[in-house]
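Q: The residues making up each chain are set out below.
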Amino acid sequence: MKRLFLLPLFFCLASLGLFAEQSTLTRSLSATLLVADPESAADLLISWTEERKGYFLLRSTDMVILRFPAGDLETFKSFLDTQAEAVYDLSIGASDVSEELAALRSGIRAREEILAKNLSYIDGADVKGTLAIEREVNRLLNEIESMKGRLNRLLVDAAMARAEIAFTYREETLPSNIPSSFTWMNRLDFYDFMREGF
Amino acid sequence: MAKRFLLIGAAFFMMFFVACATVEVTVPQGFALVEGGERFFAVSPEGLPFRVVMEEHYPRQTVEFWSEALKRQFLDEGYHLRTEGEFFDCPAGRGFFIEWNVPYQGETFVYMTAVVPAEKVLYLAEAAAEHELYAARREALVESLKTITGK
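Residue numbers (the working numbering), protein chains in the order written: chain F, 6 to 203; chain D, 73 to 223.
Calculated from the structure, these hints are not laboratory results. Note that the Cβ used here is the ideal one computed from N, Cα and C, for glycine as well. Hints may contain errors.
Result set (SDA-like, lysine to any residue): computed pairs, CA atoms no more than 20 Å apart in a straight line [unchecked claim]:
#1 Lys192(D) x Thr94(D)
#2 Lys143(D) x Asp197(F)
#3 Lys143(D) x Phe198(F)
Residues from chain F that keep clear of chain D, each with C-beta distances beyond 12 Å, as calculated [claimed, not checked]:
#4 Trp53
#5 Ala75
#6 Phe84
#7 Leu85
#8 Ala99
#9 Arg110
#10 Leu124
#11 Leu136
#12 Lys153
#13 Asn157
#14 Asn191
Whenever a hint applies, use it, and build me the whole structure from the sequences.
A: Shown next as structure tokens:
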């Protein structure tokens, strides 16, 4: 009878479809962008991400952390080039998590087998034995849940690239007046133009 | 001695010529003419300024030379290229314009500079605005550049 309560739980855990074939490479990108307006730049990057069913993990005045489909990483890199005045410290990384995935999957499978065996003993057990089996079943369920959580996290990491983009606004890159040998050229200056108008 | 007088005379003549000449530009569509004559100034309803002035064309050089010199000078000064620039034809001659990204008041502004070398004068055009506004008015500005001439 007790088995009837626990069996659906077991089948439910076993049927989550976590073992589907997927890429085992996690990709990441980090860069610092020179922008005139970090707020606008963050808006543009987040819009780009959301158009591709991605999302942002963090948004602050000088940084965004984005997740988007790993296949779009190259496109994202090109997008950065078009949006920033300069891209500094660009770093692209990838790591293979296949070993960790395999370990988690086999760990889950082994625990599920032990769980099934424990459940098969429960009908013939006395009260003391039943209590012991329940403790063991609870422990196994906790471990299986925890491992499945880590497995899910790795699968998401493999499917979605992570980009950490910092923004900088460096004073020294602002235009400064350097005298030209050609007199007329010295009259062209953005800041003078904005200040003087006509 | 005579040579010196000739040079001084030529310099005065050039100054007089530039001072008396006028800039003729078609007002960009949607802009208001603020000043015409020796220099041209127009403004869009959003406040985008567009100015064309004349300078003495010295030393005499081609538009290719001035486009390179202009690009080099602005890059040295720390401006960031927005476009590589374009050549265009107008009644005053062949010109060149280029656009720069400039940080200004917490936003990215576009600064357009154009040069048209005519025989005795150089026409210099400038326009600047926040990038979205500039994009909206760019076509009208470029069309106006193509009408630069002088009297």
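Q: Please list, smallest to largest, the hint numbers that this structure does not respect.
A: Structure breaks hint 14 only.
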